[in-house]
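Kindly produce the complete structure, drawing on both the sequences and the hints.
First to last, the sequence lines map onto chains U and C.
Following the working numbering, the numbering of the first sequence begins with 177 at its first residue and continues without gaps.
Following the working numbering, the numbering of the second sequence begins with 381 at its first residue and continues without gaps.
There's no promise every hint is true.
[To be verified] Derived DSSO-like pairs (lysine-lysine); straight-line CA-CA distance at most 27 Å:
no.	chain 1	residue 1	chain 2	residue 2
1	U	Lys188	C	Lys694
2	C	Lys687	U	Lys429
3	C	Lys432	U	Lys366
4	U	Lys418	U	Lys438
5	C	Lys432	U	Lys438
6	C	Lys687	C	Lys712
7	U	Lys219	U	Lys429
8	U	Lys204	U	Lys365
9	C	Lys694	C	Lys712
[Stated by the list, open to error] Distance windows between CB atoms, simulated:
no.	chain 1	residue 1	chain 2	residue 2	range
10	U	Gly315	C	Ser470	34 to 42 Å
11	C	Ser497	U	Thr304	25 to 33 Å
12	C	Pro601	U	Leu415	49 to 57 Å
13	U	Asp426	C	Glu647	57 to 65 Å
14	U	Leu415	C	Pro586	15 to 23 Å
15	U	Arg442	C	Gln587	37 to 45 Å
16	U	Leu191	C	Asp588	24 to 32 Å
Since the hints were made in silico from the structure, they are not lab data.
Idealized CB from N, CA, C, for every residue including glycine.
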Amino acid sequence: MFDYETYLRTSKMPLIWCAGCGDGIVLKAMLRAIHKLGLEKDKICMVSGIGCSSRLTGYVDFNTLHTTHGRAITFATGIKMARPELHVIVVTGDGDATAIGGNHYIHAARRNIDLTVILFNNNIYGMTGGQVSPTTPLGKFASTAPYGNFENSFNISGLALAAGASFVARSTVYHATQLEKYVEKAILKKGFSVVEVITQCPTTYGRRNREGTAVDMMLAQKENSIPVSRARTMSEEELEGKIVTGILVDTEKPECRSEYQKIIDRFSQPTGSVETKR
Amino acid sequence: MAEKGKSNRVQVLSGNEACALGALAAGMRFYAGYPITPSSEVAEVLSLELPKVGGVFIQMEDEIASIGAIIGASLAGSKSMTATSGPGFSLMQENIGYASMAEVPIVIVNVMRGGPSTGLPTMPAQADIMQARWGTHGDHPVIALAPYSVREAFTLTVRAFNLAESFRTPVVLLMDEILGHVNEKVVLPLPQELEIVDRVRPQVSPQDYLPYAFTKNGVPPMVSFGEGYRYHVTGLAHDESGFPTNQPEKIERLLLRLNGKLEKNRENIVDFQVDDFDDAQVGVISYGSSARAARHAVRLAREAGIKAGLFRLKTIWPFADQEIEAHTKHLKAWIVPEMNLGQIAHEVEWVVGRSIPVHRINRIDGNPINPLEIMAKIKEIA
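So this is what it looks like as structure tokens:
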């Protein structure tokens, strides 16, 4: 058993998260994965955007950067390109990464830059009081969807997959051990990696949608989860309202910063001139 | 390009090319940008040159991503830059405020074109003066420089990095389409002739490091991510340790330091050049490519026996208010030619009050200002 406090800035606690919020469980799974990998704290750079989950960076004892809304991946891209030896981990939410930051999310996946994105999906804008988000399911209520959400929701793991990410996995707060393993794999993967984690917001989402306590919401995560292998045998109707968990893609492909290094290395070779087209 | 001048060091360069070379000479090793006329040559030159010196070039998905990336790279220890024009500069504003608040040195080149909106992509303007000052929300410090020649596009780019590093603040280089695209014969300074400034590093151990410490000159020492100093950076109001705070006295103290640090050091920042000013009775204040027309007009006036002088702004922000006031004493009037509707003239009026008239010459149709237009105004006043 290791001591979580090794990785925490305990003087900055208590956390701002509400009682029953799932984000703390994600934080602990992340720290267990980092510990298991034996990463040096000085070599980890954790970058977040704006929102509840993005406040995580204030509590962890790494190089931490709390950026502007939706832009965490852009700052992280700059860090990774400038200092490829750092492990750059992005902490973001469904609104941060896929509404205001959607363009950066898909382009980072397309580039396949070696970032690890932990995407906290609670289906709502919690920090601002429960407004509808791109992942709020059709018909669910939010402070700006008082008659029920009339928009379709995003499959945000599918988005990363389609855009070219090397590794995409989905888990839930209920499946904390599985989540830890996925975080570990995502960090190890040389390429753009996303771990989407379904997390509950009892305060602004659960209450409005009569989903009960945090425990009720976590039990619903358990009941509604379908492993990806089984999901492949099911129809779209059967999968309605389900959470498909598991590793959705795990592949090897050229990584952006490594490809750029090859260009730099062409110039640092002692002999011969380099051909460029202009 | 750079190879051409090897034998006699004379080169023919555009302002955009000189700006890119100036950035490399200043030690810039990370560039992120998005294509936009009339700035794209800056990116093109750097995409070619940066890998040769071990630096990194990346074309991002938009201007918001570009400035995000350069802030990240600067925190990771690389001198970083982006280049754009009006529409892209507008998109960057939120993160310019972030760089001001989080005190991250970056350089933003804005090769100005006609606006508002898509405006005149291939024609010059100088209408982003106020956007450079107040484009992002909240009270914040900013430095903006305005070169007027290809050589100065090089030297002021070097200076932009030196100022950004010295004061941990974003610095805007306000070029314009004429300067960006004009080709001039130049002899660039040799590396050994350049003063290169790097950020001040902390002298304390990681345990004692305060990334937002209150220091004598108002600028806290800065260390890069990954060097053992694990600190927190946020755009939220924060205390000296960098962590968010809601305490009014700490918030006020931070914001007063932020806004005061350039004022405290303004003598080392504000820069201008005067021509024919000793006995001048009519003063012309100008900057950027408009100052080229202004200089020609002043020479024509002198040839005609009129005592005219040029006051050329090399720094736009902080504004050279004290210096302009000092040069106002023996003047009958100021003339302010600029390619906008009077953004700098307004500042000049604010400085001189009702002591002497301030005449505006404005051009917003995509054409440069004609020296004869300025000459006619000088004659009329003299």
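Checked against the structure, which of the hints given earlier come out wrong? Going through the list in order, the structure violates hints 1, 2, 4 and 14 and respects the others.
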